[in-house]
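Asks: Chains A and B, in that order, are what the protein sequence lines are.
Under full-length UniProt numbering, the residues of the first sequence are numbered 1 to 316, in order.
Under full-length UniProt numbering, the residues of the second sequence are numbered 1 to 316, in order.
Some hints could be false.
Pairs count within a copy or across copies, as identical chains cannot be separated in the list.
Unchecked claim - Subject to a maximum C-alpha distance of 20 angstroms in a straight line, what follows is the list of computed DMTMM-like cross-link-like pairs (lysine to aspartate or glutamate):
| hint | residue 1 | residue 2 |
| --- | --- | --- |
| 1 | 14 | 289 |
| 2 | 14 | 290 |
| 3 | 127 | 167 |
| 4 | 105 | 123 |
| 5 | 14 | 162 |
| 6 | 105 | 290 |
| 7 | 194 | 290 |
| 8 | 194 | 130 |
| 9 | 105 | 229 |
| 10 | 127 | 62 |
| 11 | 14 | 257 |
| 12 | 105 | 167 |
| 13 | 268 | 99 |
| 14 | 268 | 167 |
| 15 | 194 | 245 |
| 16 | 295 | 245 |
| 17 | 295 | 18 |
| 18 | 105 | 31 |
Hints in this document: simulated from the structure, not taken from any laboratory.
What follows is the residue order along each chain.
There are 2 protein chains.
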Amino acid sequence: MELVTISDIEAAAKRVEDVAVRTPLLLQTWDPRGTLWLKPENLQPVGAFKVRGAFNAIAALDDAARARGVIAYSSGNHAQAVAYAAQRYGVPAVIVVPDVAPRIKVEATRAYGAEVIEVPIGEHEGKARELAAERGLTLVPPFDHAAIIAGQGTAGLEIAEDLPDVDVVLVPISGGGLAAGVGTAIRARCPRAKVIGVEPALAADVADSLRQGELVRWPQADRARTIADGLRSQPSELTFAHLREVVDQMVTVTEDEIREAVRVLARKARLVAEPSGAVTTAAYLFHAEELPPGKTVALVSGGNADPALFAGILAG
Amino acid sequence: MELVTISDIEAAAKRVEDVAVRTPLLLQTWDPRGTLWLKPENLQPVGAFKVRGAFNAIAALDDAARARGVIAYSSGNHAQAVAYAAQRYGVPAVIVVPDVAPRIKVEATRAYGAEVIEVPIGEHEGKARELAAERGLTLVPPFDHAAIIAGQGTAGLEIAEDLPDVDVVLVPISGGGLAAGVGTAIRARCPRAKVIGVEPALAADVADSLRQGELVRWPQADRARTIADGLRSQPSELTFAHLREVVDQMVTVTEDEIREAVRVLARKARLVAEPSGAVTTAAYLFHAEELPPGKTVALVSGGNADPALFAGILAG
Numbered sequence: 001m002e003l004v005t006i007s008d009i010e011a012a013a014k015r016v017e018d019v020a021v022r023t024p025l026l027l028q029t030w031d032p033r034g035t036l037w038l039k040p041e042n043l044q045p046v047g048a049f050k051v052r053g054a055f056n057a058i059a060a061l062d063d064a065a066r067a068r069g070v071i072a073y074s075s076g077n078h079a080q081a082v083a084y085a086a087q088r089y090g091v092p093a094v095i096v097v098p099d100v101a102p103r104i105k106v107e108a109t110r111a112y113g114a115e116v117i118e119v120p121i122g123e124h125e126g127k128a129r130e131l132a133a134e135r136g137l138t139l140v141p142p143f144d145h146a147a148i149i150a151g152q153g154t155a156g157l158e159i160a161e162d163l164p165d166v167d168v169v170l171v172p173i174s175g176g177g178l179a180a181g182v183g184t185a186i187r188a189r190c191p192r193a194k195v196i197g198v199e200p201a202l203a204a205d206v207a208d209s210l211r212q213g214e215l216v217r218w219p220q221a222d223r224a225r226t227i228a229d230g231l232r233s234q235p236s237e238l239t240f241a242h243l244r245e246v247v248d249q250m251v252t253v254t255e256d257e258i259r260e261a262v263r264v265l266a267r268k269a270r271l272v273a274e275p276s277g278a279v280t281t282a283a284y285l286f287h288a289e290e291l292p293p294g295k296t297v298a299l300v301s302g303g304n305a306d307p308a309l310f311a312g313i314l315a316g
Numbered sequence: 001m002e003l004v005t006i007s008d009i010e011a012a013a014k015r016v017e018d019v020a021v022r023t024p025l026l027l028q029t030w031d032p033r034g035t036l037w038l039k040p041e042n043l044q045p046v047g048a049f050k051v052r053g054a055f056n057a058i059a060a061l062d063d064a065a066r067a068r069g070v071i072a073y074s075s076g077n078h079a080q081a082v083a084y085a086a087q088r089y090g091v092p093a094v095i096v097v098p099d100v101a102p103r104i105k106v107e108a109t110r111a112y113g114a115e116v117i118e119v120p121i122g123e124h125e126g127k128a129r130e131l132a133a134e135r136g137l138t139l140v141p142p143f144d145h146a147a148i149i150a151g152q153g154t155a156g157l158e159i160a161e162d163l164p165d166v167d168v169v170l171v172p173i174s175g176g177g178l179a180a181g182v183g184t185a186i187r188a189r190c191p192r193a194k195v196i197g198v199e200p201a202l203a204a205d206v207a208d209s210l211r212q213g214e215l216v217r218w219p220q221a222d223r224a225r226t227i228a229d230g231l232r233s234q235p236s237e238l239t240f241a242h243l244r245e246v247v248d249q250m251v252t253v254t255e256d257e258i259r260e261a262v263r264v265l266a267r268k269a270r271l272v273a274e275p276s277g278a279v280t281t282a283a284y285l286f287h288a289e290e291l292p293p294g295k296t297v298a299l300v301s302g303g304n305a306d307p308a309l310f311a312g313i314l315a316g
């Protein structure tokens, strides 16, 4: 299987530089250890790192494919990212969402000019593939795609540029596109640094898979237990092949740790993180003994917390 | 009276570049007008733009003055900024705070290694001047000082670099150090842009003063009514002289508008802003008809919202 290379990520960086935010590394001066930097990808347009991959995938299309348009299936941040990136490039976009998706996310996706099609949950991937074939649309998958992995990897390139002597990079893992890309960039640029994947203990299928040396599937119902709703997917063969190469270690965090990390990020870092975006901070705060010491970057992957849920966590 | 110049601000930029965060401009893609960029100074160490001035003032001291130490009086972000900047430069710091200051801010200031002295409210400035004379400490005032104004101005320099064709810059005004510095930078680098000061209607002494052409003093009790506790100060002769030169217009916002802007910043921009930091966004959202059209930067000055207050606003 052909893996994404540092050259692919460098090429992606050129494509996304005018549209994605060059997020700074934020040293957390309240932390007594003094070794925590946050990479606030929640500050990207649409509130998540997902714009990096979406921009890269759409920018790489030829003119004919752009004219026909793109299609994506997602109930979350990927839907908005593809809609936004398509709008920026003037490319028509269709987004297939499960009909249980929060209204606020559906409306936000529509506001970026996409045609939104709602289908019963579980059917959205199939419907997207069917429509892609019917209408000649290019499918932009959420992670199982070299251009997506390379795009997400640009966040890793920036970490390496801003903190070349980084010791530890903490990345959340769900479908694995982000960790695959960031890990590939860090391996190439900061070979001494450890790349550590973080999962909720309730959706720790990747920790399980890496331990067993092969993809282990956890039932959807099990993965759905975590509050971190962006971390309920599982890797594809392509992303898992990357993870085996570039992830040094996994850490799993509890639901209580995730909630506390959301509070700490709001109060001390002044960032609104969704639970999925807070797992890396939870790992730093509550699993120090499992982690190598030294300069640590925690990637805050997104900030699309449901307002009521977020207010509830803050008050809790 | 000698005003701070763009050269002073350029010199300050060199001094603060390794310690203050180079905050990005964040285009707000959810905004239907598509003309709002946020400058998230709440992401600075200690959560406010204040570190820029504090670093610049301390960096400018000679070795003898550094060895003796610095002193500041403040119940708010300036206290933590001076404590943090002094710690970074290895300079002893004394901070005089009113004994009604929130415990969380007192502890944060102490955590940066400062000696914290609590005195009855209203006496903290006097006590600081007394201690400065007794111990030979250099007083670092919150705004009435050229080095502080120049330091705060570095935020304006960054706006001009990142968005050279900016049309409107919205800056909160309290003591006026930030607006004086940012306005001076914008005048020099983007002479076509309008610099617009924002105040709570309940503490609109600067709007009043600029209208009347002289400093008008509002009673402390009146200014204390606003929820924006960082905007209850009033300019000095020095900062007001700058404001007369560089502020094109004032906008005042209501308490409800401030609260709604805090909510919008959290939900759409994924930023935790204190009420004072949200007034510029409130002006953009609710006073469009008073503002010139075009590319607008709203400076989000700080993020040290009291956790309970912030949770209450989000839930409200």
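Asks: Evaluate residue 194 and residue 290 at a C-alpha cut-off of 20 angstroms and name the case that applies: within, between, both or neither.
Replies: within (12 angstroms within a copy, 53 angstroms between copies)
Asks: At 20 angstroms max between alpha carbons, let me know whether residue 14 reaches residue 257 within a copy, between copies, both or neither.
Replies: neither (37 angstroms within a copy, 40 angstroms between copies)
Asks: If the cutoff is 20 angstroms on CA atoms, where do residue 194 and residue 130 land: within, between, both or neither? Let me know, please.
Replies: Answer is neither; intra-copy 41 angstroms and inter-copy 52 angstroms both fail.
Asks: Regarding residue 295 and residue 18, is the shortest C-alpha distance of 20 angstroms or less found within a copy, between copies, in both, or in neither?
Replies: between (29 angstroms within a copy, 17 angstroms between copies)
Asks: If the cutoff is 20 angstroms on CA atoms, where do residue 268 and residue 167 land: within, between, both or neither? Let me know, please.
Replies: Neither, since 23 angstroms and 33 angstroms both go past 20 angstroms.
Asks: Go through the copies and call it for residue 127 and residue 167: within, between, both or neither, with a Cα cutoff of 20 angstroms.
Replies: neither (44 angstroms within a copy, 45 angstroms between copies)
Asks: Indicate which option fits the pair residue 105, residue 123 if close means a Cα-Cα distance not exceeding 20 angstroms: within, between, both or neither.
Replies: within (18 angstroms within a copy, 51 angstroms between copies)
Asks: From the Cα coordinates, with 20 angstroms as the cut-off, is the pair residue 14 and residue 290 best called within, between, both, or neither?
Replies: Neither, since 36 angstroms and 39 angstroms both go past 20 angstroms.
Asks: How would you label the pair residue 268, residue 99 (within, between, both, or neither) given a Cα cut-off of 20 angstroms?
Replies: So residue 268 and residue 99 fail the 20 angstroms test inside a copy (36 angstroms) and across (23 angstroms) alike.
Asks: State whether the alpha carbon distance between residue 295 and residue 245 is at most 20 angstroms within one copy, between copies, both, or neither.
Replies: neither (22 angstroms within a copy, 45 angstroms between copies)
Asks: Could you figure out if residue 105 and residue 229 sit no more than 20 angstroms apart (CA to CA) within one copy, between two copies, both or neither?
Replies: within (13 angstroms within a copy, 34 angstroms between copies)
Asks: For residue 14 and residue 289, with the copy left unspecified, which applies at a CA distance of at most 20 angstroms: within, between, both, or neither?
Replies: neither (38 angstroms within a copy, 39 angstroms between copies)
When each numbered hint is compared with the structure, violations occur for hints 1, 2, 3, 6, 8, 10, 11, 12, 13, 14 and 16.
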